[in-house]
Each structure stands twice: as C-alpha cells, then as structure tokens.
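Protein chains in written order, with the working numbering: chain G, 1 to 476; chain L, 1001 to 1483; chain H, 2001 to 2098.
Taking lysine to any residue pairs in the SDA-like style, the calculated list, with each CA pair at most 20 Å apart, reads:
| hint | chain 1 | residue 1 | chain 2 | residue 2 |
| --- | --- | --- | --- | --- |
| 1 | G | LYS19 | H | ASP2073 |
| 2 | L | LYS1390 | H | THR2048 |
| 3 | G | LYS80 | L | ALA1377 |
| 4 | G | LYS129 | H | GLU2084 |
| 5 | H | LYS2094 | G | CYS138 |
| 6 | L | LYS1112 | L | THR1045 |
Derived, one-sided and incomplete: chain L residues facing chain H with beta-carbon distance under 8 Å:
| hint | residue |
| --- | --- |
| 7 | THR1102 |
| 8 | SER1209 |
| 9 | VAL1235 |
| 10 | THR1239 |
| 11 | ASN1305 |
| 12 | SER1307 |
| 13 | MET1346 |
| 14 | SER1371 |
| 15 | ALA1377 |
| 16 | TYR1378 |
| 17 | ARG1386 |
| 18 | THR1387 |
Hints in this document: simulated from the structure, not taken from any laboratory.
Built from N, CA and C at the ideal position, the CB exists for glycine as well.
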Amino acid sequence: MKEYEIVIGLEVHVELATKSKIFCGCSTAFGGAPNSHTCPVCTGMPGSLPVLNKKVVEYAMAVGLATNCAISPQTKFDRKNYFYPDNPQDYQISQLYLPICRDGFVEIDVEGKKKVGIHEIHMEEDAGKLIHDETKDCSYVDYNRAGVPLIEIVSKPDMRSAKEVIAYLEKLRILIQYLGVSDCKLQEGSMRADVNLSVRLRGETEYGTRTEMKNLSSFKAITRAVDYESKRQIALLESGQVVEQETRRWDDEKGASFTMRSKEDAQDYRYFPEPDLLPLLIDHAWIETIKAKQPEFRDEKIKRYQTEYQIPEYDILILTENKHTADIFEATVALGANPKKVSNWIMGEALRLLKESEKDAKDLCLTPAHLAKLIELVDKRVINNTTAKEVFEVMFHEDVDPEKYVREHGLKMEMEDGQLEDMIRQVIEDNPQSVEDYRNGKKKAMGFLVGQTMKATKGKADPAAINRILSELLDN
Amino acid sequence: MDINELSALELGQQIQKKEISVKEAVEASFQKIEEKEPTLNCYVTTDYEGALLQAEAVQDRINRGERMGALAGVPIAVKDNICTKNLRTTCSSKMLYNFVPTYDSEAVTKLKNAGLIILGKTNMDEFGMGSTTETSYYGVTKNPWDITRVPGGSSGGSCAAVAAKETFLALGTDTGGSIRQPSAFCGVTGLKPTYGTVSRYGLIAYGSSLEQIGPIGKNVSDCAALLELIYGRDVKDSTSVVECDASPDGSFMGMLKEDVRGLRIGIPKEFLAEGLNEEVKASVLKAAHGFEENGAIVEEFSLANVSYAIPAYYIIASCEASSNLGRYDGVKYGYRSKEYQGLTDMYRKSRTEGFGTEVKRRIMLGSFALSSGYYEAYYLKALKARTLMKQEFEKAFAKYDLILGPTAPTTAMKLGENLQDPIQMYLGDMDTIFANMTGCPAISIPCGMDSKGLPIGLQLMANCFREDTLIQAAYAYERFSEA
Amino acid sequence: MTKKIDDKTIAYVSTLASLELLPEEKESAKKDLSQMLDFVDCLSQLDTEGVSPMSNVFNEVNVFREDEVVNSDGSEATLHNAPEKKDRYFVVPKTIEP
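Working from the sequences, and respecting the hints, build out all of it.
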C-alpha cells in the first residue's frame, strides 16, 4: 500500500470568561432558568443594538499575544447571515475581513519540537441552545448562551497526527487557562474543536480535499475521530473514489462520522461589515498594557523552576500544569517553606482531594500562609504527619488557620519525652512477644509497637520520638 | 380658540400657563383624529386610553410645579417603526401585526420624560421601504391636500397627521428621504439630523448606516424644540457619536434668529436638471432669490458623480435590509404561518406570507448583491462610491454653509402611480439620499404651492453637526417668505 | 458586468433570503431583479481605484461598554411576543431529523 500523510488544521472555539455577554449586559453564568439571561439585544428584538464589551477585546488580544500573533491595528466586526433558530438575529456578529489577531504559532513537543501555525483569531458571539423533544416533533430554544463571547482560533494545516492535535489543544488550553480568560473545558463546551482533515500521498505538495468534523467533546473522541476519518479518506482514495468536501458529525457512541444534513443555503453567509458597530483601532500603547499584564507562561515557569527549586522534573510538570497550583506553590515557598515539602502537599493531598471532590485545580482554595504554617507545625513537631493530613483536609474544604485549628481541637502533641518514655515502657511490658520477636530480628515487630504507642498516646506523640525512644529501650 | 390651530410651542406655553389642560389638548387631537381618520388613515394604532392616562400624569407633574420643557403636555404621533413599550409597533407590516415591544426606543423615552403625550403610531411604507406610504399592510394614507394623492413616504402617516392637525408633532425616520419628501408633499416641516446624533436604539432597522429619527412639525421652531429633546449621545447605540454632546451651545431654540447675512449657499446644478418639475424649480429658485435678497451669497455649483448616488444607495440600503430583516422568521415574535412542514418551511412560509412585495423585492436584491461572487462588484463598490460622495460633500461644505435644492423633483403624485414602476420611485429619491449617504443634516420646509394647489418643499442641507446653521436659515426663510 | 437573472439564480437567492415565491412571483422577481441590476450596474463605470470603502459615516472608533452585568431575569419580556412557547422556552419545529 502507498504511504499516506494526514494533514490536520483545527478551528477552536473558546468561550471567554467575562461576567457579561459580548454585546449586552446579560450574565454569562451557566445554568439559570431558560431565557432568564436574556434581553432585547441578545434575543434579536427589533430595534435593539449591540455595544461591544471591552473585556472581550482585551482577552482576545491576550490570547493573540500568548500565541505569538500580530494584533491588527484596525479590526472590525462583520455579519454572517444564516437562518437557524439558535441564532436570534439570523445573523451572527463575527469577524471575517479584519480579524483581531493574525499569523501566530505555538510550539508543541511530540517526538521532537515543532511549531503549529495560527492563521487567525477572531471574536464572535455564541448561539443559543436547542433542546429536542423526545416525544413531540418540536425543539425548544433557550437564548441564555446567545451572545456569550467566543474567540475562534484557526490553525494552519500544520498537524500530522492525532497526537499532535492533542498536544496543540493541550498547549492552547494551558496557555488560555494561565491567562484566566477561559476554563477551556471540552466536556462542558467552553472549548470546542472542529477538525479539518485531509490525506495525501507522502511527498505530495498539494493538499487533498478536506472534510470538517464537528461534535468532538473529548480528547479521546478527537483521537478516535482522526483515526476514523483518515482511514475513511484513504480507503476512498485507494478504491479510486474521491473525498467530498463536506461537514461531518462525529458520533462517539457509534465510533463513526456521518455527513451532516447540509443546510440548504450552505456556506453562502453573505458576510458584510456590521453597520451597528464601529471599527476598533488598537494602538501600540494598548497592546503594551495587555502585554504588561501577561503572566509567566508554563514553558518559562518550567525553566525557572528547574534552576530555582530543588524539586524533581515530575513535580515541576504537575505543579505548572495549572497556574493556580503553581501560584500557591510559589507563594508558599516564598514564605520560607521547603519547596519539596510544599510540592508534596500540593501534588499529594491537594490533587487527591480535588479528584475526590470532583473539583478543578482553579477551585483550590488554599492560602499559602496557612500551608506554610502547616508545614512549620510538622517541622517543629507540634503535630505529626497523620494529624497534619487531617488538618490539611479541613484546610482544603474551609481554608482554616492550621495553628488555630490545632489549638482549638487539642491536636497538639503534648507528650514530653519523660511521659512518653513511661508510656512506651508500659507498651513493652504489655507486649513481651513482640519485644521478643524484635530482638530475634523480626524488625517488623517495631511497627506494631509504634502503633500500640500511638494508640496509647491517642496520636498526640511525635512518631519520630516514639521510634527513637523505642529503639533506645529495645536495643539496650 | 381652536386648539388644533396652535403650533406645538404655542400649545406648550398655554399648558404651562394652565390656560389649556393637557387633557383638553389630547381631546382636541382625538377629535380631529376621529373626524379625519376614516378618510386619511394616518395612524396604524391610536391609543386614546393610554394618552389620557399620560395626560393625567403629566398634568400632575405640571401642577406640582415640576420644571418641564417647552413641549410638556403636547400631543405627538410616533412613526410605527419606533418601538413603544406596551404599544403595538408594526412597521406597517403584516409580519409584526401583533408585536408589542417590552421596551421603549431611546427617543420615546426622552419624549416621555419631557412630558409629551403619545397619541398613537403612524402609518408608513412597510419597514420604511417606499416613498408613498402605499406599501403599508394597513392601507394607504391619503394626502390631506388632495385625497387622490399620496402623502409621500415612508413617514407619510406622520407628515399627513401633522398636516391634517391630527397631532401637533410627529417623529419620523429618514433612510433616504423618508422624513423630508413626505414633509414636502404634505406641506409640513421635517428634519433629518446628522447621522449618530439621535439614538437609533428601538428604531426598527432597515438601512442601519443611513437612517435617523427626526422631528416633523408645523414649523421650524417646533422642529427645533423637538430635535433638542431627542438629540444626544446614547450608550445603547454604538454609532451615536460623541461630538453631539458638545454641539452648538446645546440649544437649537437659541438659533431661531432671522439672519442669513453672509451665509454661503450653493445650489447643485444637478438638482435643477432634467426631470425636475418646472413649478417646483421656479419655487425653489424663488426661495434662493429670497435668501440672496436677505443677505446670503447664493451660487450654483456642480456635484460630481451624482448619477451613481441612487444605485449606490439602493445597494447599501437593500443589503443592510436583507440582513436586518432576517430576524423575522416566526420564532421569537410576529407572524408565524399557520401551516408548514418542518423548520425550513416554517421560515419560508412565515416570511413569504408576512412580508409585502416591495420588502421582498429589496430583500431579494440585497441577498443577491451580498451573495458569493457579487459582494465586491456591488456592496463594496457602493461603499466606495459612498466614500467619493462624502469627499464631494466635504469639498462643497468647505465652500458653502448650506446646500439648497428641491426636496423632491415633483409634488405629490396620484395614488397608485408610482407602484407601477419601482425605478421611477427610486429616482424620486435623488434629491434626498445625499444627506443619508454622507450623514449630513437636512430639512424640508414648505416653499409655496403648485398650480394644482399642492405644497412644494425646499431642502436645505448643512455640514455634519451643523443643525444650528440649518435651523437658523430655515427659520429665517420661514419668516421672510411669509412677509 | 450585466448578469442574466435566470430561474436558477432566483431559486438560489430565494433560498438565501428564505422566501418562497409563487411561479408568477418568480417571473416578476426575475424581471425586477434584472431591471434593478441594469439600474445599479452603471456603478461599475465609476472609477474607485484606491478609494477605501465607507461602512461608517464618521471616523469614530472604539466604542465600548464595561464588563458589567446590568440585566436581571429577562425571560418574561423575551417570551412576551413568542408565537409558541412552553416552560420559558421558544418552541420551533424539530431542528434535527431523528
């Protein structure tokens, strides 16, 4: 068989986390009764007019700068006309002729580093939601999402495998999440990716006919869809048929893609400049203001951590995956805590608890001062590790001051060495068999005796102290 | 005293002095409405109950001694494409036969705050598309001067209502002459303000980049007073421009001075060329002569590229309309067809049954001109022609304070005459569309009658934001032409 | 650049415009559109070399609102004029084939 190359470009829609919609003062909050977050503007009432949310422009610029794009000095909105009930005006306000960002790239690392080009980024409004009645022949329309700001990031056809696609999306997700301009969750629809895919014989310079695939709501679905679609296209070509340029819908349950019923007026959107909005001029000073607010991104952070903190590479990758955890880490270390200890708490307990409570890393409420204090309490042997984990769990849920909490709940290790020694002597006396075993070389018996001591002290003793005293008494 | 004979400002004064109650004023208008409506059909909807309630509330405010403007208590009619809360707004289309806005347009909010009483909604060409008010779904409006003739359009109902004294004032809208041409045909005064100076929020869009709401009244002073109320920047309208905040000492009433000395007035030769009715031409030249006699400097000049104005205008207006009118699809409001098979059919039937012929004609033209492969040849080309027109006007206004000409090439035509030939109808807009294409303000004032006893309109245009110059010159003309 | 308006064009444009013309309306639309296009085609003779298109009358730019939520529950007003509604939703014919 001939050798084929897969060529993939992505159109990624990202919902921006502004408080209000792109052209009106309605809330962008999820949920809410149907049509409760609506007004004449976002429902296309006659006579209503759009007014642009400045934050949307700044967020789009921030993403553009983060992806090495040129910011257009002049940018404008256009109307994209099509009839569909989720589109209340029957035109979507978008950008065709002068998008806000152009010609950028991000670097991905799959079997070596490579750049994925970004053709453009433009701003537009989201559509409403359609719910289909199971029993009756009708659909229900909710315009709560209509007018929520989106950016569409259009890549160049630079990807060659599903792995590269995932790496590119992952890269975008982390960049955008670092900027704090979106959650970027595929499952919840705050990030949506359409895959443009074509195949060609290796060595060929012309692109093949591409298809566009929609409804990809997880990385796994994307991987499967890329695999399916490339095989489908190769099979067509191998059997002497041609690939139709079309939009296809991925059905993850069936593991296959299907031609979408083409809208009858397909693809002739009759774009023209939106007369109700004025052009935007973006000057150097404005760009500089946005630049100054850009955070340190993950790649830079990783480099800095490697030299600044004595922690393993693995820790660095986990800590920097989310800006919020990285921020907590850095702030806690800045308060004097040992980096590896801080990392252990975040990577171990914090991430475990997040997973358990099905929360996102950005929801982690953990005051660096409190975490630093907790580490200090353990270092100074005021509490032992077991107690510290209990306290941490409370901190995770309620962000309490660990010192105060330990005091109020009497968790402090109050055992003086003398008192502890008396209790250990008692344990030795009560467990002659274990003592015997230990002295006969069964070192495991030590653990049992430590446990018995902990039990006797109700956990208020420092395990290190118990170990030390026990060893002294048993070995002598 | 016949209340209906008073001007709006005179009535306002009498109301302030409590010589006439607001209720009496409203009742007087409704008496006239009752008398004339069966023949003229100026209104699509009248709101007697609502008007009386408003009258009571405004009278209370006046009695409490609240400081209100010069037009407090004065009845006004509002064109039916301007949204009024809880009062049906149809655009004279079947499509919006049952549409009751839940919000006021910004202009109407301002009227209500100033204590004007809204009598009802006036008839118009469907969605503003037409120059005769004959394309209304709710029947034609007749010209009060001759009921076999059209009142002009699209604000025909507003202008006819003022002329027939069925209201003291009216709001109209002007996309290509829709205030000025019917003002000329009905013998009233109507002003199209500079683009962006009166909020379009709540004005049901036809040609967004061209249209403005403006005042229609019995004379220049009434128009100036009403303009002063509705003028100003609105944060809800992005195209409402900043300049007008700092406009001519904030007062148009202060411009009512009978002085045109030294005013430079240009008359485009093209406006006097072939196609212009001889009687109209004579009246306009007489008016020009009047200005000269009173100290203005008047001369003819040539405007380049005039012949491209109408086609460019029709492309821009139709393209914008084809998109603006997409929203009427039977989903959210307005007409939905009774029988259909599925979604696409519901859309098509609702739109096909809900829109009239002229509206469909322009939607078709606009959709075609924007369709793949034609955008550059038509829409983009028209926008470039618009740039050239704007430059041409800037040149003219560097030389002249005002541009003078006829408002329309003829006086009111017979009912049904124009519908036969749309192109002829479009050509009739030749004198007025420049102000819409370039954004500049323009006024139409009566300047005599033709031999059939029909009013003739004189149009004055001023540079953008120079409503002050426009009003002063128009006021002066009104004075010295009376004398 | 005169373009012949044929049946196909009329069908295509009415699909774009979401209008359904009767056979006789189609004929008059064909005539109308051809006439209109003849009328506007003179524009092609206008020299617009180097002229930039004017989509807004003034050179105003950068009109914004701040990112603030100012609207409260608007569902009642939004649905006030709905031809068909149910449980605060607009109701439309089914949008996807089963």
